[in-house]
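Student: Chains as they are written, first to last, in my numbering: chain R, 1 to 349; chain D, 1001 to 1349; chain S, 2001 to 2349.
Read the hints as simulated data drawn from the structure, not as lab findings.
Any given hint could be a false lead.
[What the hints assert, rightly or not] Some chain R residues near chain S, calculated using beta-carbon distances under 10 angstroms:
#	residue
1	3
2	7
3	46
4	96
5	110
6	311
As the structure is a computational prediction, the values presented were derived from the model and not from experiment.
Virtual Cβ for every residue (Gly too), placed ideally from N, Cα, C.
In case you want the letters, here they are:
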Amino acid sequence: MKFSYPLNRILEIIGTNVACEGDFSAAITGIASLSSAIVGDLSFLGNPQYKDQVELSKASILLLPKDYSGKPKADQLFLKVDNPSYALALICRDIEIDLIPKPPAGIHPTAFVDPSASVHNTASVGAFCCIGSDAVIGPEVTLAEHISIGRGARVAEQTQIFPRVVVSDYCEIGSRNRLLQGCVIGSDGYGYTLVDGAHQRLPQIGTVVTGADVDVGANTTIDRARFGTTEIGDGTKIDNLVQVGHNVSIGKHCLLVAQVGVGGSTKIGNGVVVAGQAGIAGHLNIGDGVIITAAAVVLRSIEENLKVGGCPAQVSLLTNRIYSLQRKLPDLFKRFDQMEKTIESINQP
Amino acid sequence: MKFSYPLNRILEIIGTNVACEGDFSAAITGIASLSSAIVGDLSFLGNPQYKDQVELSKASILLLPKDYSGKPKADQLFLKVDNPSYALALICRDIEIDLIPKPPAGIHPTAFVDPSASVHNTASVGAFCCIGSDAVIGPEVTLAEHISIGRGARVAEQTQIFPRVVVSDYCEIGSRNRLLQGCVIGSDGYGYTLVDGAHQRLPQIGTVVTGADVDVGANTTIDRARFGTTEIGDGTKIDNLVQVGHNVSIGKHCLLVAQVGVGGSTKIGNGVVVAGQAGIAGHLNIGDGVIITAAAVVLRSIEENLKVGGCPAQVSLLTNRIYSLQRKLPDLFKRFDQMEKTIESINQP
Amino acid sequence: MKFSYPLNRILEIIGTNVACEGDFSAAITGIASLSSAIVGDLSFLGNPQYKDQVELSKASILLLPKDYSGKPKADQLFLKVDNPSYALALICRDIEIDLIPKPPAGIHPTAFVDPSASVHNTASVGAFCCIGSDAVIGPEVTLAEHISIGRGARVAEQTQIFPRVVVSDYCEIGSRNRLLQGCVIGSDGYGYTLVDGAHQRLPQIGTVVTGADVDVGANTTIDRARFGTTEIGDGTKIDNLVQVGHNVSIGKHCLLVAQVGVGGSTKIGNGVVVAGQAGIAGHLNIGDGVIITAAAVVLRSIEENLKVGGCPAQVSLLTNRIYSLQRKLPDLFKRFDQMEKTIESINQP
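One chain only, chain R, in its complex shape:
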């Protein structure tokens, strides 16, 4: 993954509202964090807590916030921008297109496409893909290899699907989604009813519908609804190994970090953040703007804009107070034993 990337291309991408300071004008040959950068690298200050590392960094070009006051070293260039992290993202996107080019339109000769399926002539279908009856693959969709698209499923324009994803029967994927390797959209929901001592399956005849700009992580599973739809809102980004139960509804612009689990029929509002390994029980309402901290176990509905954590999850201020006091329990028990003795001595003087 070697590359050589000229300064003028960087300036083209991040635009005109940039203040340049310093004298490095060659191409960069790598991108690295402040502390690991070497000569020739591009680096950036995305998080103010790493401010002190700028002075020590060997990077040749640094993307910095406009209010950064230090001065570049010899053979070093500072580019001051509004959002260094996003400026870097724009550059990386350009490099990414070069490193991982969009495959050409067309259907790979090893793919199997049911005659009743419709694949847009600008779409790309990779090796060993299997596209079921009546499925519709939209314009500029990219399917990598080993992908399974079920009967009647629909994939909207410019969506990118990575190797060995499954989009099950009748599920609908929105525009510009990115479905990472191995995720399953539309596995059967987990529903049984006990009849004469045996669990009888409740058939799951609903679907999954994703909005625009949804990302789904590697080996994540999203269950189809019992009936109706499991919904993922516009701009929501789901990480790896997440489980979303049947009939869940997730709003817009949410973040679900790796290994999160969401129980069936739970409704999550807009702009909700669920940190890694947190679990949310079924049939709950999670309000807009809620933040759920890592490994929290949410067993009750949560009002909007609250930050919650712990097991069972409650307002983080209380949870953190409890965590802090728990560490004082050994001391408390000792003080308590001492106090009982004191009182005894008072009572029996």
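Put chains D and S on the given structure of chain R with help from the hints.
Tutor: Same frame as chain R, now just chains D and S:
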């Protein structure tokens, strides 16, 4: 996923022991929950807590328990049955067969079947399946696409395997199993022994054997035994992203909800329920009828019919009491400080 | 999985430093634990806690530690060795080669290999594999079926890759790795920045590099770096359904048990053990030799050689003390109420 489903077919399916009340006799065109149903929909009261929603529901046909006392509105039909949820399941099963028909028997031209494997002539093998040497695929088995069946593996009659499942070498799948997308049956168990500072692999030469009517969720992993078998009993239903370690034995009619983990060599009895994200350490015994609540961390064996939760897991009554008292810790510490002062003032009057 | 395995082959494998006692000289026909072994089986005492089971075991040949003092029954043979568990592993490895033989070198006719890829003539490429442009598959590498190797990816000698693994673009797999079914090496890291209310993707243009002798479990996901590399050190063994975030660095000879999650940019030293379902937040340092117990939630960096657990994780001695005192909280609150009354009565005599 549109459909039109006549009333007489519903009555055929749910049988004669039904009390009809009301006057809707057209076909239903959808199925929905009480609160989201529209005219033309079938709905049901499965959980008594939603009883009040029946009166407000716009559904045209409602499946209700026999003791429901309300009256249908105009153009609405009540069907009173013993188990509304199961009655609905029977109807949905009928619709499911229509929406997702069983594929025809035969081997897809793109599949690869080793010449020494045996595929029953009533079985269906989908696109890009790979069936290893000496494998046996039984009557009426359905393999969707991208499935890997290892050498010497056996799949019994009427089992349904969804896309890109792996059944590893020598594993044995029982009758009427449903293995959902991406699950792995028979990955190597995780076993090492430290020799001269490096972890040496303990080969895993056992298998996995599942009983009849077992369901395994999407992207779940069940490890093969070190030697002997990892066993899943009849009627046990496993959800998505569950990990079952090597040499685990799970009894009959258990439920393992999403993201549960079971450590190696643990024995789980019959009728055990393990809620989402719970973990069970290795080498334990979990008695018949035990209930383990969500996210519990089970580090000791559990006697039959207990309900346990928390970290480390203990009887739920105690766990819930502890949770409740933890919330009072800030207050307790304040009271304690106050009391120390009071005692001091008594001691030094 | 039947076999017949002669005694002289066992002695050949475990070497000359063996003390034999007893008179069974036939072939063994199975391997089992002490308690489940039958006549004809080989068994072993790997863990001293099971010592009492040796006397009761029906196994015909037993691998025992050199200091075991009991005597064999009639028709039973004791083989006393330095490390019975490892001796058994060596025997099982020999049996494994027989049960699951290495496939012959060559490319399966159904595989798709890009013309610019390089596959060593001693490597084996299974059915429906897809190997991208400029990928390099080294000597004696074994790829099972349904595997996806991305463009520019490299797989070093003697590595074994199981069905439907994905090795993404430009990732580098070391020598003698074992990548189990369904794992994903090089999924995009989870990185976004909020711009005008929408999460903008931070492209992930780095790679994953694994050392020698690394094992990766089934359906585990390891994210590619934002830039630079996500690193897994020599001899590290990762179990199933583990999530490793972008830019994580894991040292040598670590163990990560099932369902562990490691947040982005965290650095883990050498010889670290992370038990099942534990989570480690991003941007932390975990020192050499640290042990993290099951389901721990690690939110701070940890100094070397500490054992930590709980939520939030802290030194296990303290965590276990807190767990123990929590169980006494109901009693403490009662004693406290009682004490308040006592003091009141003292104050108001």
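Student: State for each hint whether it applies.
Tutor: Verification of the hints:
Below 10 angstroms, beta-carbon pairs count as interface contacts, and residue 3(R) has one with chain S at about 9 angstroms; its hint therefore holds. Restraint check, residue 7(R) versus chain S: the minimum CB separation of about 18 angstroms is more than 10 angstroms; hint violated. For the restraint placing residue 46(R) at the interface with chain S, the shortest Cβ-Cβ distance is roughly 8 angstroms, inside the 10 angstroms limit, so the hint holds. Below 10 angstroms, beta-carbon pairs count as interface contacts, and residue 96(R) has one with chain S at about 4 angstroms; its hint therefore holds.
At about 6 angstroms, the closest approach between the beta carbon of residue 110(R) and any beta carbon in chain S falls short of 10 angstroms, and the interface hint on this residue holds. Interface hint status for residue 311(R): upheld, as the beta-carbon distance to the closest one in chain S is roughly 7 angstroms, under 10 angstroms.
Checked against the numbered hints listed earlier, the structure breaks hint 2 alone; every other hint is satisfied.
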